[in-house]
Amino acid sequence: MWTLGEIAKHIDGVVHGEEQYEVSSIGTLQNSHKEQLSFLSNKKYKRYLTDTGAGAVIVSSDMASFVVNNAIVVDDPYVAYAKAASLLNPRKDEQAGIHSSASVAADSLIHPTASIGAQVVIGSGVNIAEYVVIGPGCVILDNVTVDESSRLVANITLCEAVKVGKRVIIHPGVVIGADGFGIANDKGKWINVPQIGSVQIGDDVDIGANTTIDRGAIEDTIISNGVKLDNQIQVGHNVIIGENTVIAGCVGIAGSTIIGKNCIIGGGAGLGGHLELVDGVMLTGMTMVTKSIKQAGSYSSGIPAEETHDWHKNVIRYRNMNKLVERVKQLEEFTKK
Amino acid sequence: MWTLGEIAKHIDGVVHGEEQYEVSSIGTLQNSHKEQLSFLSNKKYKRYLTDTGAGAVIVSSDMASFVVNNAIVVDDPYVAYAKAASLLNPRKDEQAGIHSSASVAADSLIHPTASIGAQVVIGSGVNIAEYVVIGPGCVILDNVTVDESSRLVANITLCEAVKVGKRVIIHPGVVIGADGFGIANDKGKWINVPQIGSVQIGDDVDIGANTTIDRGAIEDTIISNGVKLDNQIQVGHNVIIGENTVIAGCVGIAGSTIIGKNCIIGGGAGLGGHLELVDGVMLTGMTMVTKSIKQAGSYSSGIPAEETHDWHKNVIRYRNMNKLVERVKQLEEFTKK
Amino acid sequence: MWTLGEIAKHIDGVVHGEEQYEVSSIGTLQNSHKEQLSFLSNKKYKRYLTDTGAGAVIVSSDMASFVVNNAIVVDDPYVAYAKAASLLNPRKDEQAGIHSSASVAADSLIHPTASIGAQVVIGSGVNIAEYVVIGPGCVILDNVTVDESSRLVANITLCEAVKVGKRVIIHPGVVIGADGFGIANDKGKWINVPQIGSVQIGDDVDIGANTTIDRGAIEDTIISNGVKLDNQIQVGHNVIIGENTVIAGCVGIAGSTIIGKNCIIGGGAGLGGHLELVDGVMLTGMTMVTKSIKQAGSYSSGIPAEETHDWHKNVIRYRNMNKLVERVKQLEEFTKK
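Protein chains in written order, with this note's numbering: chain A, -13 to 323; chain B, -13 to 323; chain C, -13 to 323.
Chain A with its partners taken away, still in its complex shape (with noise of 0.2 angstroms):
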């Protein structure tokens, strides 16, 4: 149990109502009881506030007098979510040490403080840090470094000499360091071209489950500090994402492509290879990418469902968009006889 003033202490608030009142967790405005603290961010939702059984919510200023219990009153409402829930639901800690059951060479270094999961793989001239938290069936190819205080959930697969920063978060599934595409085709034939650079993760990046990073040809793929990545999306060899930049599940991105530094990229989007997005580009979602962005700002394709019966006669007419133009111009030239 916490009071809302230890609270409001830790999420920079301050309290409207009563500073000894205690809550235990986090729920929704709709689906509160009286010790729980909920918020309003998105002000459509401001008709809950009314009816809310939380003990409390946190609320921007403008806010504050909608509130019918306590109220912590804060800049950004969802950001003092962000920490109230984080202060709420500390992470437990895995225990210190190496399970009886994983298979760690014997000249890999692992800190004493990290913890080394069960079924754990973990190969020659490795090094694990301080605090790091390798999860249950990870395997971690030889040479291998993964920085302090990073968590890998369970069942990731890190390749050779992938380096991984600090307090990074990754997720089950993801692979890191995969052969990038790499072929040349020789005389009818596709022969592999050597992956032999690696890749660098830096910190507090965040990777989602099953996303994947290929390994650099020759020089690294590179993600850097701060980005975050959500699931299934494949990242191709010698890739470079800039700090900060987020990106939501299912995105392709091909070889070389560099993205810039708090680029916000929509779920499903496509990019192609060897192209350059600069700094601050948003795309929404499904966009597809096929040269480079030079400006910052938002970009976009695809054309939204509609209904099927539509859709056919849309896409035909679509099709015969030449005719139309065809069409028009003999209309020009009518009227200018």
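There could be a bad hint or two in this list.
All copies of an identical chain are treated as equivalent in the list; a pair is satisfied when it fits inside any one copy or across any two copies.
The list that follows gives simulated cross-link-like pairs (lysine to any residue, SDA-like), each with its CA atoms no further than 20 angstroms apart [as the list claims (entries may be wrong)]:
1. LYS173 with ASP128
2. LYS30 with GLU205
3. LYS78 with ASN178
4. LYS309 with TRP297
5. LYS315 with GLU5
6. LYS30 with SER278
7. LYS29 with ASN17
8. LYS175 with ILE155
9. LYS173 with HIS(-4)
10. LYS277 with SER135
11. LYS315 with GLN281
12. LYS32 with VAL1
FYI, nobody ran anything at the bench for these hints, they're computed from the structure.
Got chain A sorted already, so can you dock chains B and C onto it with the hints?
This is chains B and C only, laid out in the frame that chain A set:
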């Protein structure tokens, strides 16, 4: 070997021909021998009926007269084939008990009829019910429950507190309950929003290889009874999928979207976040959904492939539609004179 | 260290300069030192030739005069670089034998030259041929065969009875032989169609990280010799992919589709089910294929990104094309008066 009489009884059909005729396996019309049972569900393949080597064929009544050997006449040949194939290919029972190489927390509850495979990891507080199969290499984190007769094939990850219903089948590489993609921008730096909800998987759900289902931010992500998910689907946090909905491969569903019952979502479709699709919506493959769909029916988007040469031209015409509209306007002005 | 003479012999080239000059590794033109070998295949980068620190550069004959240090002149610099990189970066042999932590069924056949890694699971009736490497964490279910010199990197799942050819490379997270998505609607309830076929992978196939290839419904799914698959590809049941076809990341191929030989499929493309693509088809990235392609050539779809502001307008124009067509019709009527 099964007699046609036995099979007909199982699939609710009537034998036309020899009830005592025996078959041992299922084959296609094109490649069967006389000890095989085949079926015709798509009438486009009717011409194969006369040539088939199959000893017997499952057909609808209007096709019965075209069968040259034995027939089993049923209402729905595809459903009947599915049932006959299950009868002729019974799943081998997995051995009950815990494999010696598995790592199982002392305080987990594993029913004695359950089968825990090699190299499995089972965390603290886990509850595995009767006849459950946890295949080799799976990682089951703390406080997960898997209800009776569910089967996890291999190399699957269930994260903390995930709940799996009865008779669920989960294919390799699936990750359930990884953190949802919740981030808040704290003065230019992204911080994580703790994902304190979990995932509930109903009864009779199938989940295809390498599909990922994220845990909820506060409340749970919910996959209802009878839902069938294909491979490489991404389900964001707090998504709710209604009963008996079917989703084909490579679909991405962003956070907090609600999909109704009995929907059919085609492969590669993308659904934005915070949307609502009513019951009975059908999406064709690769459809992009950016708004809620409030009426049952079939929806589509995307322009199918054309020759690259034509595509280039059509893209330019598309981009110049505003000019075309302008030209038509001017023509209209002209005619008004 | 290798002399240029030795390398030239291996890659079928001619040294311009010092045959005894020694290099130790491969570098890019932009970032090499004098003990490195570089290459120029894309003439766009010709300007780097004069500045490069590389001790030697692989080039085509028309570029030889621009090289300031040593050159190795070849017909195809990219193929020659691939071969030189293989020579300079020989793969470390894995130790033959079965790791003590692996769990191997007593009735499997493991060739004594094969390497079975840590925490591997090998089921009953499996046959692993000479020089095969099964990397750590792989799960090989019953009755699988892996032919000589194939290499499974780590954390891969091969389901029952899958057949893998010679010299195949499979990257982490791949799932081969999970059940195809076969369901039949039995009076409103989906039931599973048993997937009793398997998967055949030919020789010299590469399969990228987290790619999934489903087993066939009755007959087998087939990946022919020399096929190269990138990451996160989904191959549905009973798909047949012809020899030497190359498929980039994130492609989805629905069930029963047949792709010819020597095709090149761009990243993120989607192919519907039951289609047929002839030999020599090329698809650009994110192309949506809904019909069979009966003629070799390049095909495309999708509209590339534009500024979001313009996109909104163009989508509306697209939706209103019928009105535009109507207006043009009326103008045509007018001119006929």
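Hints, verified against the model:
1. For the homomeric pair LYS173 and ASP128, neither the shortest alpha-carbon distance inside one copy (35 angstroms) nor that between copies (38 angstroms) is at most 20 angstroms.
2. With identical chains, the CA atoms of LYS30 and GLU205 are at most 20 angstroms apart between copies only, with a shortest distance of 19 angstroms across copies and 48 angstroms within one.
3. Taking identical chains as interchangeable, the C-alpha atoms of LYS78 and ASN178 lie at most 20 angstroms apart only when they sit on different chains, with a minimum of 16 angstroms there against 45 angstroms within one chain.
4. Taking the shortest Cα distances, LYS309 and TRP297 sit within 20 angstroms of each other both inside one copy (19 angstroms) and across copies (15 angstroms).
5. In this assembly of identical chains, the alpha carbons of LYS315 and GLU5 never lie at most 20 angstroms apart, being 75 angstroms within a copy and 66 angstroms across copies at closest.
6. Proximity of LYS30 and SER278 under a CA criterion of 20 angstroms is satisfied inter-copy only: 16 angstroms between copies versus 37 angstroms inside one chain copy.
7. Taking the shortest alpha-carbon separations for LYS29 and ASN17, only the intra-copy value of 17 angstroms comes in at or below 20 angstroms, while the best inter-copy value is 52 angstroms.
8. Proximity of LYS175 and ILE155 under a CA criterion of 20 angstroms is satisfied inter-copy only: 16 angstroms between copies versus 40 angstroms inside one chain copy.
9. In the homo-oligomer, the alpha carbons of LYS173 and HIS(-4) lie at most 20 angstroms apart only across protomers (16 angstroms), although the nearest pairing inside one protomer, at 66 angstroms, exceeds that limit.
10. Taking identical chains as interchangeable, the C-alpha atoms of LYS277 and SER135 are never at most 20 angstroms apart, the minima being 38 angstroms within one chain and 41 angstroms between chains.
11. Taking the shortest Cα distances, LYS315 and GLN281 never come within 20 angstroms of each other, neither inside one copy (35 angstroms) nor across copies (32 angstroms).
12. Taking CA atoms no more than 20 angstroms apart as the test, LYS32 paired with VAL1 passes inside one copy only; the shortest distance there is 19 angstroms, against 66 angstroms between copies.
Against the hints set out earlier in the document, violations occur for numbers 1, 5, 10, 11.
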